[in-house]
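Sequence lines, in order, name chains B and A. Sequential numbering from 71 applies to the first sequence in the numbering used here. Sequential numbering from 126 applies to the second sequence in the numbering used here.
Quick caveat, the hints were computed from the structure, so don't treat them as lab data.
Covered, in the sense of this in silico footprint (three residues per stretch, anywhere, with C-beta under 8 Å from a C-beta of chain A), are these stretches of chain B: (1) 132-145; (2) 166-176; (3) 308-316; (4) 456-466; (5) 485-492.
No more than 30 Å apart at the CA atoms, straight line, and that leaves these computed lysine-lysine pairs for DSS-like: (6) Lys246/B x Lys307/B; (7) Lys284/A x Lys307/B; (8) Lys284/A x Lys482/B; (9) Lys307/B x Lys294/B; (10) Lys193/A x Lys143/B; (11) Lys307/B x Lys193/A; (12) Lys254/B x Lys342/B; (13) Lys294/B x Lys193/A.
A virtual CB, placed ideally from N, CA and C, is assigned to each residue, including glycine.
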Amino acid sequence: MTNTALLKRATTLGLGASLLAMTSAFAGDLNVWAWDPNFNGAAMNKAAEIYKADHPEFNLTFNAFSREEVEQKLQTQLASGTIDGLPDIVLIEDYSAQKFLLSFPGAFEPLTNAFDYTQFADYKVALATVGSETYSVPFDSGVTGWFYRSDILGEAGYSAADLENITWDRFIEIAKDVAAKTGKPMLSLDINDPGMFVILLQSTGHWFFDENGELDIVGNEAFKAALADYTEILQAKEIYKPVSGWAEYTGAFTGGDVAAALTGVWITGTIKAADMPGQWAVAPIPRVDGVEGATNASNLGGSSWYLLTSSQNKDEAKAFFNDVWASNIDFYQDILVGQGAVGSLLASREGAAYQSNDDYFGGQAVWQDFSNWLGQIPGVDYGIFTYEVRSAIATQLPALADGADLDEAIEKIEAEARVLTQ
Amino acid sequence: MAQTRLGRNENISGWAFIAPAMVLLGIFMIWPILWSLWMSFQTGRGMNMSFGGLSNIIRLTEDPIFVKALGNTLTFLAIQVPIMIMMALIFAVMLNSPRLRFRGLFRTAIFLPAVTSLVAYSILFKSLFSTDGFVNASLIALGLSERGVNWMGDPFYAKIVIITAITWRWTGYNMIFYLAALQNIDKSIYEAARIDGIPAHAQFFKITVPMLKPVILFTTIMSTIGTLQLFDEVQNITLGGPANATLTLSQYIYNLTFRFMPSFGYAATVSYVIVVLVAILSFVQFYVARDRK
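This is chain B alone, in the form it adopts within the complex (with noise of 0.2 Å):
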C-alpha cells in the first residue's frame, strides 16, 4: 500500500470517527430505562415535555420494561464492565438503591453538589446516600391505601366511615362479609409475591434488619404479629382471588372481578385508566393489632432516578433534573393528578392539586388523605437485602396458606435468608 492510499484511508477512517462522536454527543439525546410508561414513563415524558419548551434541541427517550427486567438489565451491564447501550437515566426501586450503590461504586454519578437535597424529603434523601454522597434525584412516594369499589361495599352495607381506623381482624370480617354478600372477593393476591406482607411489616416500624443490619426475624415479635395477620387473609380462601403476576393482578380489580386493591398511591394511574369514576374510594389501611407503635400507614415501594456515571450528557440531564424535577411545583401538580405520583419534593406538597377533590374517588379529598398518611408512615431502614428476604418469605407463603406452624415458618425464613444475605 502506497503512503498515499493510507493517508486517505486514514482520513476516512478519521472522519468517520468524528461523524459518529458529533452524532453520539449531539445535544441532550437522553436514554431512561424504567417500568410502568403509564405512570413513570408519564412523568418522565411530562417533565422532558416542561424542559423542552425553553430547550428546543432537548430530546428524551423513555424505554419501557419491567421492574425486574430493569434492574436485570443493569446489574447484567454493569457487571459485563461495558458501558455501550446503558441508559443515561435509570429508575431504581428504593428497595435496590443501596445494592447497587454498594455493588457497583462508581456507576452512578453522585448529584450531591447538583441541586439542594434539602428540599426533599429526608428518608427518600437517606435511602440514595451512601458514605457523604447522594446520587438519586428522589421521585415517588409508595404511601399506601386501601383503594375500594364504593358501589360494592355500600351494596354490602358498609359506608367510608366502617373503614377507617380498623385492624386487621375486622378487614378479613368485613371481606367475608362482602364475599357473601356481593359474589366478590375483596382482594387478588398473587402468593408468589409478598408485597402485601412487606406493608403490613413497614406499618409496624420494624423491618427484617435490626439497626446493625443483622437479620432480625426469629424472634421479631411485629414481624411474628404481621405474619400471623397475613396468614388469616391467606387462609380466608373466599375473601381473594388467587393470581399469577403483575398483569393478572391489576385486570382483576380493573375487570370489575374484585373489589379492592390494597398498595401503593401509584396504581393511582392504573385504577383511573379503567374508567370506573365515582365508583372508587380511598381507605386508610388497617392496622396490625397488638403492636405497640403499629400505625393505619405503609409504604410500597416508591423509587428514584439515577444518572449513570457512562452517560455522554451529564450536564444536560443535570440541568434537566434541576430545571424540572428539583424545582418546578406545577410539574408535581400535574403528576399527582395524572398519575397519582406523590413527589418528594417538599414545596409541591403546597400546591393546589393537593388540596383538591378527585372526582374520580366520588369527590373525596384524596390527595390530602395520602399527605396525611405519608406523615404517619413508620420510617425504617431498608438494608441492601430487601428482594432476597422477600423471596425467603415467599417460599413459606404456601405452606402457611395450608396451615403450616408460624414459629417454624419464621425459623425457616431466617434460615433461607441467612444463606441469601451472604
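Add chain A to chain B, keeping to what the hints say.
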C-alpha cells in the same frame, strides 16, 4: 518410525488449518471455563470480590434453596425424561407403520412444537394454565372442578404444568431421532419374526427397542443434559414459584447473579455442580447401556 518430509509438511499444514478454530475455542470456551473455576473460589458482593478458599462449597452445604433447586431439577429429570422418551418411542413406532394414513400430517403435527421458540411457547402455557385460562375454563365447563385449579399458586400443580410444557415441546424432537433410526432396521428381521409368529408387543420389546438402543442412549443423555439446564420454561411460566417449587439449578444461578445481590463466585460454584452432575449421569447411562460381552 522416521517421518518422511511429505508427512511432516502435511502435519504442519494440518495444524495450520485448525489453528484459527483452536485459537477461537481457546479464547471463547477454554479460557471462560478456567476463569469460572477460579471465580468459584471467590466471594464477595458485586464487583468487590476476594479469594475465599472453600467458603463457597461450605455455603453450598448449608443452603436450603440449593437443596430445593437440586431436588426440583432431579424430580423433573426422574419423571419427565422417562415419560417423554417412552412417548416419543411409541409415537415413532406408530407413525412408522406403513398402514397408517396421513403419516406426514401426524409427523408434522407432533414435530411442530420443536420449532417454536422456548419463550413463546412458555408464555402460551402460562396463559393456558392461568386462573382464568383455557384449561380451567374447560375443567369447569366439563364439571370436573368447581372453582378451577390454582395451577401457578400450588407447588404440586405448578410442577405438573412445567412437566406438561416440556413434554409437549420436546417429545416430537426425540421422536424424529427414533423415526430416522427405525428406517435403518432391516425389514427382513420383522418378516422373520412374523413368520415365527412373534406377537407385535414382543416384536417391539425384543427387536425394536434393542435395535434402537444407541439412539435411546443418545436421546436420554441429551434430554438429561437439557433438563439439568432447564431455564426458559420455569423463568417464564412460574418464575420458580410458588415456594421455589419449580426453581431449577440454572434459574438459581441466574437469580444469584442477576436478580439478587450479585454473588458471582457462589453462582460459579453452583454451575460446577451441574457440570459434575452431567458427568456422573452420563457415565451411569453409558454404564447401564454398555454391551455385555
